[in-house]
Amino acid sequence: GENVEQHPSTLSVQEGDSAVIKCTYSDSASNYFPWYKQELGKRPQLIIDIRSNVGEKKDQRIAVTLNKTAKHFSLHITETQPEDSAVYFCAAHDRGSTLGRLYFGRGTQLTVWP
Amino acid sequence: DTEVTQTPKHLVMGMTNKKSLKCEQHMGHRAMYWYKQKAKKPPELMFVYSYEKLSINESVPSRFSPECPNSSLLNLHLHALQPEDSALYLCASSQEPSGQETQYFGPGTRLLVL
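So the protein lines, in turn, are chains L and G. The first sequence begins at 5 in the numbering used here and counts up one residue at a time. The second sequence begins at 157 in the numbering used here and counts up one residue at a time.
Please keep in mind that the hints were generated in silico from the structure rather than gathered at the bench. Glycine included, C-beta positions come from ideal geometry on N, C-alpha and C. Please note that a few of the clues may not be correct.
Facing chain G, from chain L, some residues (calculated, C-beta under 8 Å) [as the list claims (entries may be wrong)]:
hint	residue
1	L50
2	R55
3	D88
4	R110
In silico EDC-like cross-links for lysine to aspartate or glutamate, where the CA-CA straight-line distance does not exceed 16 Å [claimed, not checked]:
hint	chain 1	residue 1	chain 2	residue 2
5	L	K46	G	E252
6	L	K75	L	E9
7	L	K72	L	E60
8	G	K209	G	E223
9	L	K46	L	D88
10	G	K196	L	E60
11	G	K197	L	E83
12	G	K194	L	E43
13	L	K26	L	D53
14	L	K72	L	D53
15	G	K197	L	E60
16	L	K26	L	E9
17	G	K178	G	E159
18	L	K75	L	E43
19	G	K209	G	E252
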């Protein structure tokens, strides 16, 4: 099955700075890559996703890039704010896997200091 | 309405008890999922229900059994659980079970097994 690695496990930035979280995946058949944000005690919420036919996608302060050749994708958050503090999970969907299965990275705890 | 609801929010049970977790979505989604999430870890897929078919993560013990009474409801029956089963149990749904559709998570049930 798919194996997703996520780095770093913790990230601290000053408010207004940028934050980058990187993930790699192992199976070249993976074709869908969502990013979820999970605040303490709350549900994971999708913040952005990208499909394998696209190299980059942006939504206001958040962007995701995908490099299929290198099998990695990254989350970029610009002009960070304290409310961006949360755990971020990347995930990958492997077309050959169990119906609807997402393989998650281990998460990145992002802390934005005011 | 992109909401998945779950009841109860919290549950404490003994190892000999039988209890059920409930999940509901009214988005007309055709796939529903149960995940288990331990603290500071990513969600782990337990079951996928789609078009009346059940897919199981084979590592899930038989003391967990899902039930899908209809396309908008998904239950998780719990019996003879162990303390290590204490976790946040998340339900999710997606439009299709392809894995390339956004999975919307419910708020979760926080389970403590004594």
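Results of checking the hints against the structure:
1. With 8 Å as the threshold, the beta carbon of L50(L) comes within range of chain G, its nearest partner Cβ sitting at about 5 Å, so the hint holds.
2. Look at R55(L): its Cβ gets to within about 7 Å of chain G, closer than 8 Å, so that hint holds up.
3. Violation of the interface hint for D88(L) is found here, the shortest Cβ-Cβ separation to chain G being roughly 18 Å, above the 8 Å cut-off.
4. Taking 8 Å as the C-beta contact cut-off toward chain G, the hint placing R110(L) at the interface holds, the least distance being around 6 Å.
5. This hinted pair does not check out: K46(L) and E252(G) have alpha carbons roughly 24 Å apart, beyond 16 Å.
6. Between the alpha carbons of K75(L) and E9(L) the distance comes to roughly 11 Å, so the proposed pair stays at or under 16 Å and holds.
7. As the CA atoms of K72(L) and E60(L) are separated by approximately 11 Å, the hinted pair is consistent with the 16 Å bound.
8. Taking the CA atoms of K209(G) and E223(G), the gap is about 11 Å. The hint holds against a cut of 16 Å.
9. Of the pairs offered as hints, the one joining K46(L) and D88(L) holds, with about 14 Å between alpha carbons and a cut-off of 16 Å not exceeded.
10. The straight-line distance between the Cα atoms of K196(G) and E60(L) is roughly 28 Å, outside the 16 Å bound, and the hint therefore fails.
11. A hinted pair counts as satisfied when its Cα atoms are at most 16 Å apart, and K197(G) with E83(L) does not qualify at roughly 27 Å.
12. Of the supplied pair hints, the one linking K194(G) and E43(L) holds, its CA atoms being roughly 14 Å apart against a limit of 16 Å.
13. At most 16 Å may separate the alpha-carbon atoms for a hinted pair to count; K26(L) and D53(L) meet this at roughly 14 Å.
14. Proximity of K72(L) to D53(L) is assessed by CA-CA distance (about 15 Å); at most 16 Å being required, the pair is judged to hold.
15. For the proposed pair K197(G) and E60(L), the alpha carbon gap of about 27 Å is over 16 Å, so the pair is violated.
16. At roughly 8 Å between alpha-carbon atoms, K26(L) and E9(L) fall within 16 Å of each other, so this suggested pair holds.
17. For the hint linking K178(G) to E159(G), the alpha-carbon distance of about 14 Å falls within 16 Å, and the restraint holds.
18. Under the criterion of a C-alpha separation no larger than 16 Å, the hint pairing K75(L) with E43(L) is inconsistent with the structure, at around 28 Å.
19. Taken as a hint, the K209(G) and E252(G) pair is honoured in the structure, with Cα atoms around 13 Å apart against an allowance of 16 Å.
Figure legend: structure checked against the earlier numbered hints; hints not met, in rising order: 3, 5, 10, 11, 15, 18.
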